[in-house]
Amino acid sequence: MDEIQGRLKGSRERVEELEKHAQNSASDALKREMTVKESDKEIDQL
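So for the sequence shown, my numbering puts the first residue at 1; every next one is plus one.
Worth flagging that the hints you see were computed from the coordinates, not collected in a lab. Beta carbons are placed, not taken as given, at the ideal position from N, Cα and C, and that holds for glycine. Mixed in with the good hints, there may be bad ones.
[Stated by the list, open to error] In the DSS-like style, the derived pairs of lysine-lysine whose C-alpha atoms are separated by at most 30 Å in a straight line are:
# : residue 1 : residue 2
1 : Lys-31    : Lys-20
2 : Lys-31    : Lys-41
3 : Lys-20    : Lys-37
4 : Lys-9     : Lys-20
[What the hints assert, rightly or not] Cβ-Cβ distance ranges computed for the label pairs, FRET-style:
# : residue 1 : residue 2 : range
5 : Met-1     : Lys-37    : 46 to 56 Å
6 : Thr-35    : Ser-11    : 28 to 38 Å
7 : Lys-31    : Gly-10    : 29 to 39 Å
8 : Leu-46    : Leu-8     : 50 to 60 Å
Start from the sequences and build out the full structure, keeping to the hints where you can.
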């Protein structure tokens, strides 16, 4: 039983880690998209 509880805890920690990574990736993608839009505006002004 202890082995199963340990594995479950490890799995939950891994899921939490993956969720944080996915959230960071989405945030980074949004920042890149905003930067591209700002660059496009600057190019259009030239």
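Here is how each hint holds up against the structure:
no., hint, verdict
1, Lys-31 with Lys-20, "17 Å, holds"
2, Lys-31 with Lys-41, "15 Å, holds"
3, Lys-20 with Lys-37, "26 Å, holds"
4, Lys-9 with Lys-20, "17 Å, holds"
5, Met-1 with Lys-37: 46 to 56 Å, "54 Å, holds"
6, Thr-35 with Ser-11: 28 to 38 Å, "36 Å, holds"
7, Lys-31 with Gly-10: 29 to 39 Å, "32 Å, holds"
8, Leu-46 with Leu-8: 50 to 60 Å, "58 Å, holds"
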